[in-house]
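Engineer: Protein chains in written order, with the numbering used here: chain H, 35 to 140; chain G, 4 to 484; chain P, 747 to 1202.
Hints are computed from structural coordinates only; laboratory data are not their basis. This one's a predicted model, so the numbers in the text were calculated from it and none came from an experiment. Ideal Cβ placement from N, Cα and C applies to all residues, glycine included. Be aware that a few hints might be false.
Simulated restraints on C-beta separations [unchecked claim]: (1) L96(H) with A795(P): 43 to 51 Å; (2) D40(H) with T1057(P): 27 to 35 Å; (3) A290(G) with R966(P): 42 to 50 Å; (4) G1135(P) with D73(H): 45 to 53 Å.
Stretch-level coverage of chain P by chain H, calculated; a stretch enters the list once three of its residues show a Cβ under 8 Å from a Cβ in chain H [unchecked claim]: (5) 796-805; (6) 1059-1067.
So, partial list: chain G residues that the calculated Cβ filter (under 10 Å) puts toward chain H [stated by the list, open to error]: (7) F29; (8) P40; (9) T44; (10) C45; (11) Y88; (12) Y90; (13) A145; (14) A147; (15) I150; (16) P280; (17) P285; (18) N473.
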Amino acid sequence: MAIGPDDVRHVAALARLAVPESQLPELVRQLNGILSHMDVLARVNTTGVMGAAGVGDAAMPLRADIGPPIPLARPLESFAPQTRDGFLLVPRLATHESSGDDESVE
Amino acid sequence: MSAASDYEMVVGLEVHVQLLTRTKAFCGCSTAYGAPPNVNTCPVCLALPGALPVLNEEAVRLAVRAAHALSATVNETSIFARKNYFYPDLPKGYQISQFDKPLAEHGKLDIGMNADGTPITVRITRIHMEEDAGKSVHDRYAGATAIDLNGVPLIEIVSEPDMRSAREAGAYLRALKQVIEYTGVSDANMEEGSLRVDANVSARLRGETKLGTKTEVKNLNSFSGVERALEVEFARQSDVLARGGTVTQQTMLWDAIRGEVRPARSKEGSHDYRYFPEPDLPPLQLARAWIDHARAELPELPAAKQARFLADYRLTPAEIEVLTADQSLSAYFEEVARVDGDAKGAANWVIRDVRQLLNSGATLATLKIRPPALAQLLALVRDGTVSHDAATKVFAIASENGDAPLDIAKRERLLQERSQDALAGWVDQVLAAYPDVASRFRAGDKKLLGVLVGLVMKASKGRADPKAVNQLLSARAAAGE
Amino acid sequence: MGAVRDAFRRMAEVDAGPTGLNCILWTDEARALADAAAVDAIPATGTLAGVTFVAKDNIATTHLQTTCGSRILEGYVSPYEATVITRLRDAGAVLVGKTNCDEFAMGSSNEHSAWGPVLNPVDRTRVPGGSSGGSAASVAAGIVRIALGSETGGSVRQPASYCGVVGVKPTYGRVSRFGLVAFASSLDQVGVFGTTVRDAAVALEVIAGRDVRDATSEDRPVDRYSRAATADLRGVVIGKPREYFPKTLDPRVAKLCDDALDGLRARGAEVRDVSLPHTDLAIPVYYIIAPAEASSNLARFDGVRYGLRITADGLRAMYESTRTRGFGAEVTRRILLGTYVLSAGYYDAYYKKAQEVRTLIAQDFREVFAAGAHLLFTPTTPSPAFEFGAKSDPYEMYLSDIFTATANLAGVPAISVPIGDVDGLPVGGQLMASHFDEQMMFRGAFALEASHAEAT
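The following block holds chain H by itself, in its conformation from the complex:
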């Protein structure tokens, strides 16, 4: 499968990376070069093979519903770029609907 400039632009947007137009051709070339080596996988017969979700056999260990939480040696304010009254601040969203689920920034 060949990857084109539009694919790279789309994927860059998904990953929140700004790729300058001037760098696009080289990037497309490199990614195509890498992906061309993956084509061999299409020829491998994996009927009935389950994807390895992980390599361990063990089941998920659970945690009791108690603290204490893992402590922070320094408070959030000491390493966060911008806080106020305990909140983390970011530039105001372009669309400011109140739904936290709103991915309109996507």
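Here the structure of chain H is known, so what remains is to put chains G and P in place on it, guided by the hints.
Structural biologist: Below, chains G and P alone, put in the same frame as chain H:
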């Protein structure tokens, strides 16, 4: 004639419910409500480099309980997945959720009855676990959005598109909330944010079996808001279709103030969440025996309770509906009925008087008049120790100070007087005060019995037992006095 | 405290200046001396009391920066410490520095660090390998005897081979990843470098074992690996997988491998030809799975809660400026690749397919061990360290991992032990064992080391 009547509304609902755990989904931070912003945080829920999630076992337990309450099949193996997108309240840049292989599938909820008595059932596609994102506050600081991170465990309950009207959607939500409350896994309160709803709605010509293109409606804040929003969006879609247009699949936002839906300002098409199995969490394995045991431990659910009340207490459906709307109210009622033995009487007092207290701000937990006291009061009324009116007064006093009704009645001199001497005294008093009425009564005018009883009641300031007065006067009349 | 002073003296000799190795990024001499003094003051000693070590810059430490070789974490000092660091400090070890690495552990040469490349102490015109180049060089240059690195596709074993030191990748789930900045979560493990097999073994003993903070760490007993040394390998079957000895293999490397195997035979081991048929699929599989997981793991670097933030007009612009400026070219390339192979329409053909083929790769190992082999022996790398800039094509660089990535994909433990030189440049021999059989792996490694010492 509106286009809407040619078309049928098809609705599916996705409901997120916050689970009542002490700590977050993937770390030991407290979930206590009302904490200052970002105070209960740690490397894990801050998504610091190198931090890893570890799942809360109580969240699993509560999620499984909810699944059983909704008659869903709990999978012995389920897999967590990453839902990838960027948003400031999502610290990792992905939400840990479930995609293929959710915790539970194929459930159902009865939301009412058809005219022929068959239940209206909404199927539940799946129930899966995930973590809650934080809260974004947009208007507190100029030019900025303020983030308060979260991480509370959630279950997402996804229904099939089985609802055919806004009313059915509302009924589903109310029934769902009630069942969830009964299980104790969540407060399920939409106004407080522990229950959230996204609606999927489409329109199709009546008779058509294929589904139309759906839109997703978000920003819903109340059950009635859901119903209104569905009507509005359905009307919009019907209108589009009636004019020969096509409905665009998109996210719509409900504006409760204007009563409008409008498209969310986002790129066309659905989001690409790039789901893949969460590599930091091996598959969740639940033993079949444990799953079955969890089902056996379910508290009595609303439908079963309602059926039992019908059979055991002979109450009307309307009475049952009120009493079982809230699990703690039904428990209060049952305790009164158990102690007192008169279910009907207990029902009346709980439905009317107890609920009136609750409406003016009391809670069942803090109510000063406890079931045994109310039962005592009912017994006093039934055996005539206090009149019904007096009982109302006693109830009011008991609800303020929590004292025993009998003590209150004695103290406030509300005991119904039945001693022959006292009654005779008042009767004599009345007969003397109204000689004209007295002589007519003695002469045989039985109609005056009621008048005389009333006068005796007045003379006794309501304390006389009217039945006993009636008996006494009748006896005297018979004896020719 | 003496060890600490020695470390800093050696650092000053080899690391600093324009011809310095550039393997150490962040240090705090006063703090290290204070830590050492505290250890010296305790009468009861831990297994590593007073032993100095360095840790790769993608491992969280609370008093030295953790930048992962990236501008996006410039100046970031973690408010919590990785479990492996805690365990080493509890055993009395003293951290003397954080080491340079390829940015976010993505690379095979340590040429992709925001803080400049690391030079190979053996030949400063050549790369030390990567991504844990700084840790490998620190041990090879004699600054410390023990160093922590991380493994995703060979990032400890390959630099160990290039620098002539011992490098260990534990079984996946053997060592806690809590505090290891994630690159590819289903492949990552903290790895250990040692001057000798024994050094590495002792360090692994200390850091291995279940951690409740890492749900992928398994509850398995930790053996005394440092005691695994034995002169007797009778009964041990060593598989020689033909896919790692292609006709194109540099004959000098092949010769060193044969000599190494002779040394093991001399100790009683039986060497058998075996096959791991899906080996040639390892690089394509690895370079789909690793970037995919990385694209997700690196989404948290968004300027909101820590690290670099480039203020811009609006949130979206802030995300893009911060990430574009903060990440280097290789990381950017891998995030794009990873996002692509997970995206709608491509997930099945790429990511899902790669995970299925991964199962086949892991199965190869299971079958070979089930058939009677206790160990597998291969060259660690097809050739010794290459010159700076020699591998400009990304895929060519990826091929350096060709013999190491299979162990990460299968999850099996693996170790690289120096087995000789080619043109004066060190070359490593690799031993792999079945899951959680580090004991057997070290047994073979001790023997390999001993027999190599006898030969020289």
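Engineer: The structure should be examined with respect to each hint, and the outcome stated for every one.
Structural biologist: Hints versus structure:
1. Distance hint for L96(H) and A795(P): a CB-CB separation of about 36 Å, inconsistent with the stated range 43 to 51 Å.
2. For D40(H) and T1057(P), the hinted distance range of 27 to 35 Å is satisfied, since their beta carbons lie about 30 Å from each other.
3. Restraint check, A290(G) to R966(P): a C-beta distance of roughly 22 Å breaks the suggested window 42 to 50 Å.
4. In this structure, G1135(P) and D73(H) break the distance hint of 45 to 53 Å, their C-beta atoms being roughly 28 Å apart.
5. Against chain H, the region 796-805 of chain P contributes 0 residues with a C-beta closer than 8 Å to a partner C-beta. That does not satisfy the three-residue criterion, and the hint is violated.
6. Here's how the region 1059-1067 of chain P fares: 9 of its residues keep a CB closer than 8 Å to some CB of chain H, so the rule of at least three is met and the hint holds.
7. Given hint, F29(G) at the interface with chain H, holds; its Cβ is 8 Å from that chain's nearest Cβ, closer than 10 Å.
8. A cut of 10 Å between beta carbons decides the hint on P40(G): the least distance to chain H is about 4 Å, and the hint holds.
9. The beta carbon of T44(G) comes within 6 Å of a beta carbon in chain H, closer than 10 Å, and the hint placing it at the interface holds.
10. The interface hint given for C45(G) holds, since its Cβ lies 4 Å from the closest Cβ of chain H, which is under the 10 Å cut-off.
11. Given hint, Y88(G) at the interface with chain H, holds; its Cβ is 5 Å from that chain's nearest Cβ, closer than 10 Å.
12. Here the hint on Y90(G) is kept, as its CB sits about 6 Å from the closest CB of chain H, short of 10 Å.
13. Taking 10 Å as the C-beta contact cut-off toward chain H, the hint placing A145(G) at the interface holds, the least distance being around 8 Å.
14. About 4 Å separates the beta-carbon of A147(G) from the nearest beta-carbon of chain H, less than 10 Å, and the hint is met.
15. Given hint, I150(G) at the interface with chain H, holds; its Cβ is 4 Å from that chain's nearest Cβ, closer than 10 Å.
16. For P280(G), the suggested interface contact is upheld, since its CB lies about 5 Å from the closest CB of chain H, less than 10 Å.
17. Against a cut-off of 10 Å between C-beta atoms, the interface hint on P285(G) holds, since the closest Cβ of chain H lies about 5 Å away.
18. Taking 10 Å as the C-beta cut-off, the interface hint given for N473(G) is violated, the closest approach to chain H being about 64 Å.
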